[in-house]
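Q: Here is what each chain is made of, one letter per residue.
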Amino acid sequence: MHGIVGYGAYVPRFRIKAEQIANQWGADADAFKKGLLLEEKTVPGPDEDTITISVAAARDAVTRAGIDPQLIGACYIGSESHPYAVKPSGTVLIDALGIGPDCHVADFEFACKAGTEAMYVAYSHVKSGEMPYALGIGADTSQGAPGDALEYTASAGGSAFVMGSEGVVAEILHTYSFTSDTPDFWRREGEFYPRHAGRFTGEPAYFHHVLSSCQGILDRSGMKPEDFRYAVFHMPNGKFPLRAGKTMGFTKEQLEQGWVVNLMGNTYSGSSPTGLAACLDEAKPGDNILITSFGSGAGSDSFILRATDRLPEVQGLAPKVRDQLADRRIHLDYGKYVAYRGKIRMNEV
Amino acid sequence: MITPRYHREIPQRYRLEAGKCTACGEIHFPPRAVCRKCAGREMETIALPRRGKVLTHTTVWIPPAQFEEQKPYVNAVVELENGVKLTCMVCEAPPDEVTIGTEVELVFRRLQHGPAWEVIQYGYKARVIKA
Ligand SMILES: [Zn+2]
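So the protein lines, in turn, are chains A and B. In terms of this note's numbering, the first sequence opens at residue 571 and continues consecutively. In terms of this note's numbering, the second sequence opens at residue 2 and continues consecutively.
I should point out that these hints are in silico values taken from the structure, not numbers from a laboratory. Mixed in with the good hints, there may be bad ones.
[Unchecked claim] Capping the alpha-carbon separation at 16 Å, the derived lysine to aspartate or glutamate pairs in EDC-like fashion look like this: (1) B:LYS38 - B:GLU70; (2) A:LYS657 - B:GLU82; (3) B:LYS86 - B:GLU69; (4) A:LYS906 - B:GLU69; (5) B:LYS21 - A:ASP897; (6) B:LYS131 - A:ASP879; (7) A:LYS906 - B:GLU70; (8) A:LYS854 - A:ASP879.
[Stated by the list, open to error] Label-pair restraints from in silico Cβ distances: (9) B:TRP62 - A:LYS604: 35 to 45 Å; (10) A:ARG813 - B:PRO73: 39 to 49 Å; (11) A:GLU773 - B:LEU56: 35 to 45 Å.
Using N, Cα and C, we set each Cβ at its ideal position, and we do this for glycine too.
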């Protein structure tokens, strides 16, 4: 049996409400909230970035796995906001967690689906018997241009998964990927904010890839929507994943546990992985979970997982996603938010 | 901070590695070559516990330039579960949230961002555990 042996998620403490952003730019807050199905989003603290978020999530994943970090043979972080242009985030993470130096490390990028890529490659290593454990992480501290629709959604957070063959808490039964050249969202070297192709990001990009990937994995597995307890779709806003799920034949009950976007925003590479973590927080042995990510450019990765008898033993060993979403929130005003996000040009010290 | 020093201090700053005197058991953080209690020279590397409580604290309103973006922030002396004391910044906490006895855990954060051409420095900070 191969799959997830430990998982962890990290939600930053700071938030900004949609009203704050709408008021700043003279937009209609209610229209945005209704259009995006989103109340607020997470904001990284001034001392947080993709590396610190990854370390926090991975520490909990290792705790739930209950393993010696030295046994982890590979570590991959998927993100579109790696702090360095040149120097892998994973190098800092392994030294923070006492992994390695006998370890293969790489950073992955694929817009919002870099996290599931990292999970897929980590899983493939343990499935091949190459190593006992491997770590796959999706984390981001993404930025939207001021006043752009993306500013309401681009948020911060991440989730980490230790893959292995011993002590599996969620067996990975099937995987499938669907990819094509679809230029819906991009950022060229040297540009600070990404660009998107407006409505083109919907049908030909998000829905085509998400629905094709989901259909592909259902066909391969021979499973039907009613076979699942939970289904998670990438959450660029609140509406898209619900519509994708409904189109595929999933019910509201199957979708709502992993639908964290209304309180968290779009955590990019951390989005669907954090939805999965929220489902693992509550799943019971035998429950089937389907997750489909989406990365602009564009592609989707799908996984079918089944919770094992060991899952309930580890659920309480680290903070749950929905507890982190509810607890200790600090709401920022727009001025504090732009300062925290480094959107103000300061004199160099 | 210069890169060689930052690199040398990674074990203590990232993983809270301390030196425990094999002769008398005294724990030194940061690690040192000679035991301050018995002058022993053999040390065992141990990782400190991550939980503790605030012994004393102060709020910094006028920080050194490299911490400017984080002000105001709380600096605290934290006593860890095994009695070791260390000084560190308390992250993400409004000053009125920290008091003597506040329970904290040590987490991994960016210590200072610095200008874009420098290495980013990471290390431990205290984070208030929900009461
Ligand atoms: Zn001694």
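Q: Evaluate each hint against the coordinates.
A: Evaluated hints:
A C-alpha spacing of about 40 Å is found between LYS38 of chain B and GLU70 of chain B, which places the hinted pair above 16 Å, so the restraint is violated. The suggested pairing of LYS657 of chain A with GLU82 of chain B is violated, with an alpha-carbon distance near 35 Å, which exceeds 16 Å. Only pairs whose Cα atoms come within 16 Å are accepted, and LYS86 of chain B paired with GLU69 of chain B is rejected, the gap being roughly 26 Å. In summary, the hint linking LYS906 of chain A to GLU69 of chain B is supported, as the alpha carbons are separated by about 14 Å, within the 16 Å threshold.
Using a Cα cut-off of 16 Å, the hinted pair LYS21 of chain B and ASP897 of chain A is violated, with the two alpha carbons roughly 37 Å apart. Note on LYS131 of chain B and ASP879 of chain A: the hinted pairing is violated, with a Cα-Cα distance of about 30 Å set against a maximum of 16 Å. Straight-line distance between C-alpha atoms of LYS906 of chain A and GLU70 of chain B comes to about 11 Å, which keeps the hinted pair within the 16 Å bound. For the proposed pair LYS854 of chain A and ASP879 of chain A, the alpha carbon gap of about 8 Å is at most 16 Å, so the pair holds.
Here the CB-CB span from TRP62 of chain B to LYS604 of chain A is close to 42 Å, well matched to the stated 35 to 45 Å. Checking the proposed 39 to 49 Å range against ARG813 of chain A and PRO73 of chain B shows it holds: the Cβ atoms sit about 45 Å from each other. Under the hint 35 to 45 Å, the C-beta atoms of GLU773 of chain A and LEU56 of chain B, about 59 Å apart, miss the expected range.
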